[in-house]
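**Q** Sequence lines, in order, name chains A and B.
Under our numbering, the first residue of the first sequence is numbered 1, with each subsequent residue one higher.
Under our numbering, the first residue of the second sequence is numbered 1, with each subsequent residue one higher.
Any given hint could turn out to be false.
To be verified - Quick list of simulated restraints, FRET-style, between CB atoms:
(1) Ala287/B <-> Ala380/A: 44 to 50 angstroms
(2) Pro226/B <-> Ser160/A: 47 to 53 angstroms
(3) Pro39/B <-> Ser160/A: 28 to 34 angstroms
(4) Asp167/B <-> Trp161/A: 49 to 55 angstroms
(5) Leu17/B <-> Tyr117/A: 34 to 40 angstroms
To be verified - Just a sample of chain B residues kept apart from chain A, beta carbon distances all over 12 angstroms, derived:
(6) Asp76
(7) Ala90
(8) Ile92
(9) Arg99
(10) Thr101
(11) Leu156
(12) Leu208
(13) Leu261
(14) Thr316
(15) Phe328
(16) Ser333
Hints in this document: simulated from the structure, not taken from any laboratory.
All residues carry an ideal CB built from backbone N, CA and C; glycine is no exception.
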Amino acid sequence: METKNIFSESGIIITMLLIAIPIIAASILVMIKAKAVLKKYLKKKELEKFNEYLKGLSPDEIEKLEQRKREHEFSLSNLELSGDKEPIDCKGLIDNISEVETLRFVEQKKKSQPRPYIEPDLSKLILWYLGCATFWLLFGTTVGEYLGIKFVAPDVDQYSWLSFGRLRPVHTNAVFWGWASLAMMGLAYYVIPRVSNVPIASIKTGYRSLVLINVSVILGSIFLMAGINNGGGEYREYIWPVMALFGIGIIISLQNFFKTIAKRTTKEIYVSNWYIISAMMFLLVIAIIAYWPSWQNGLGETIIQGYYMHQGVGMWFMLFNLGLMYYFLPQQLNKPIYSYSLGILAFWAQILFYTLIGTHHFIFSAIPWWLQTVAIIGSAGMIIPVVAGTTNFLLTFKGSWNKLSGSYTLPFYLIGILFYFTGSLQGTAEAFRFTNLVWHFTDFTVAHSHLTMYGIICFMLWGFIYTVVPRITGKEPPQITVGAHFWLALIGLLFYTFPLMYGSTLRGLMWMEGTKSFIESVELMAPYWLWRAIGGSLMWFSHVLFAYNFYVMVRKKDEIEIPKSPIDILRAKQEVDKQTITN
Amino acid sequence: MEFFNNHKTLFRTALSLFIGLTLIVAIMPAINNQENNAPLPNYEPLSPEVFLGKKSFIANGCVACHTQQVRNVAMDKIWGSRPGIAADYAGITRTDFWRNTATLMGTERTGPDLTNIGTRQPSLAWNLLHLYQPRSVTEKSIMPAYPWLFEVNTGLKEGDVEVVVPDKFRKDIKGKIVATQEALNLVAYLQSLKQPSLPDGKTPMEFLYKKEEKPTINSANKAVLPDGKLLYTQNCGACHQANGEGLKGAFPPLKGSPIVLSEDLELFVSIIMRGYDARPEYAVMNAVGTDNNLTPEEITAIINHEKTNWGNNAKTVTPEEIKKMMDFIKLTSKK
């Protein structure tokens, strides 16, 4: 190879830069050392001269120096202003002083806000929803992690129930219908009564929904592993009786919410309710359309599939979470949303454009060309609601950025909002015909769906859960494990998605080039699949921490507390005295 | 605004807008496609065996990694001779009471597209071995193995199809590895996946985004042949392996093969064009050249690759010789 070629290779340049860094650092260090040696030698000479001078000092000069020394040593007694009385805070102004005696490894974040009154029965229901959701998160992502490992070690097991094709829909459906949907519903049971300013219409209905949805996911997962599925459309793998259970669960809760909103004591319907109620109505519409057999023959199935799968993510998860965000973000920042009307604009624009984009999963397929073009235009139109939403949230943040570093919930919100912007616009870019050529059918889609479903939906849900649960139970999670959860999930997600996007781009280009065999494009992906498994492991571990945090927030048993404040001490003494009297 | 404060009108409006748009972009196009497309004249309905195989394909979630659609872009040309059209899927209807229609178009191509796999790789022996352990035929494959579609018997009964698994992948299995009916059905389904041709006189849709054809440089009057190694991998390597050594008991080696090394081209070209079933110890070979529509130049490139690799060192051939031989074989086979 020619020498000039070697030095134009980016790998060589990077390596050389890396080697140069320690060499330059070492040279600088040597120079500093040499300078120090020289300086020391010169000082020594100066000191010898000075010692000669000291020997010749006169008594007069010594007396002057001692006089000056006494003047320098003068100090106050610290009682000049206060006198010798004891300090007293008779109005109780100073309280709750936290003195830090140990090293601070974990920064102290702001405590959760004091809880507003929530009916104890409703609190229990919400915790049940969130608890089940946490279980499905752990279950679903354990399966996902295992699937990631199978890309690297395909022969890790050979059981039919655990084979890749059967397990993949178990993962996606468990995190969709189990984790995210249950968490959203639980949070809706918190938000809707609050913004309507009335108690929830029926708590029992809430439990019925919870049971139906859980049964649906349990049965669905078992059926999928046993090889009973609906026929291959993504997120439509549960057979209709199983999905019907889920649908009924949503219908009865929708009725419940609707009744609550109808009874509201506020005049206007807060925008959160627009989003949440619409998300639930739309989910029912798309599920019925997806499972109704009248229009599913031949390509009809594919057109419905494209529509269903994208409305599932956009009209159910995204719309619902935006609704929750419009409640929780202003709450956490303690100020109103930047622009209410921008939220309304985003709402209508989302319905108008999102509904159109389904078929962009089947670009260049046998689906009518005009329908593909409509989908691409709709994808471009999505810029409007996405930019409107992101701007609204970020401008609400404006002026409160200082709160970010002192809160353990707000970072989740912020990451969710940022991924809402990047993830959604990435989806728009992927829909264009040329990018579709490179990326379609590759793992780029998988990376994209994790950037969005994980980066947006999961981060937002975690933020909301860490906000709500301490308010309900009065117990906060350990900040160190919340921090670890946040960073592991974020770094894991980046490790998961970036190598996958890079590798998929190479793979897509290789396919377009057409000069290599297909199996070489499989080999090409091997290192990126390994990175995906590593990132996935970090994400999975962060969920274990989340589950632990959730446990800490809801566990019944109180820790033994030694009373510290005067009120507590007096109360404790009264109780102790009472006990001794009765004894 | 009063409108925003009335929950009934507000939610009704939102729902109507959504349903209205849904009708336009989903339901109407779906019904339109369903009503106005019929299967192609030479579309073969699924036999009961093939239908069971398709159910097995669905149950095992193969669609997670394998698409069944040839897009109208040039990079998909390797998966079929023409872009897929609505009529290709028109014969597919609801699977059964519990399950929806399965066009199995898929969205991920972790593995190859299967639209035309029945033409590309029809060998029963290869498909069974590949299902039992994909890495026994394709070293770098990451496809799951499906050993539960096979059973181990001490002897062979009438009608049993034995799978000769290389020792490395037998994992101390002593008896005979026999394909179950489900495995045979599944392979029958795969073999049935062939892109039907359009009725006479219909020209298929053009592939888009074609690569610019490189002008063939005639240096010293020699036409530049296509990449023999790539063609070998795509058409022959699955069975005869990249190292030309084949698989013992299933696919014969080409390394040191007398047919490959011989200067007599008739048998060599005839095997490629018409298949081969003369040696009982090996599986049947299908007519790779005819099935995959290989041109004389492509066959020349493959033959030359086989003649000059893995220690083989025979005289290479020219496209003219091969063309002549192909015409001759066509003539004799018509008799």
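**Q** Phe328/B clear of chain A by more than 12 angstroms, beta carbon to beta carbon?
**A** Since the minimum Cβ distance to chain A is about 31 angstroms, Phe328/B lies beyond 12 angstroms and the statement holds.
**Q** A range of 44 to 50 angstroms was offered for this pair. Does it hold for the Cβ distance of Ala287/B and Ala380/A?
**A** holds (49 angstroms)
**Q** Would you check whether the claim that Leu156/B is not at the interface survives, using Cβ distances to chain A and the 12 angstroms cut-off?
**A** The claim holds: Leu156/B sits with its nearest Cβ about 23 angstroms from chain A, beyond 12 angstroms.
**Q** Hey, does Asp76/B actually stay past 12 angstroms from chain A on C-beta?
**A** Violated: least Cβ distance 8 angstroms, not greater than 12 angstroms.
**Q** Does the no-contact call for Leu208/B survive, Cβ to all of chain A over 12 angstroms?
**A** Given a closest Cβ separation of 7 angstroms, the condition is violated.
**Q** Taking 12 angstroms as the cut and beta carbons as the points, is Thr101/B off the interface with chain A?
**A** violated (4 angstroms)
**Q** So the hint says 28 to 34 angstroms: do the beta-carbon atoms of Pro39/B and Ser160/A match that?
**A** holds (33 angstroms)
**Q** Holds or violated: is the Cβ of Ser333/B farther than 12 angstroms from all Cβ atoms of chain A?
**A** Its Cβ never comes within 12 angstroms of chain A, the nearest being 30 angstroms, so this holds.
**Q** So is Leu261/B really clear of chain A, every C-beta pair being over 12 angstroms apart?
**A** Leu261/B clear of chain A: closest Cβ-Cβ about 25 angstroms, beyond 12 angstroms.
**Q** Taking 12 angstroms as the cut and beta carbons as the points, is Ile92/B off the interface with chain A?
**A** Non-interface label on Ile92/B violated, nearest chain A Cβ at 6 angstroms vs cutoff 12 angstroms.
**Q** Could you check the hint for me, namely that Leu17/B and Tyr117/A are 34 to 40 angstroms apart, CB to CB?
**A** holds (38 angstroms)
**Q** Regarding the assertion that Thr316/B does not contact chain A, is the least Cβ-Cβ distance greater than 12 angstroms?
**A** Non-interface label stands for Thr316/B: nearest chain A Cβ at 21 angstroms, farther than 12 angstroms.
Hint compliance for this structure: hints 2, 4, 6, 7, 8, 9, 10 and 12 are broken, all remaining hints hold.
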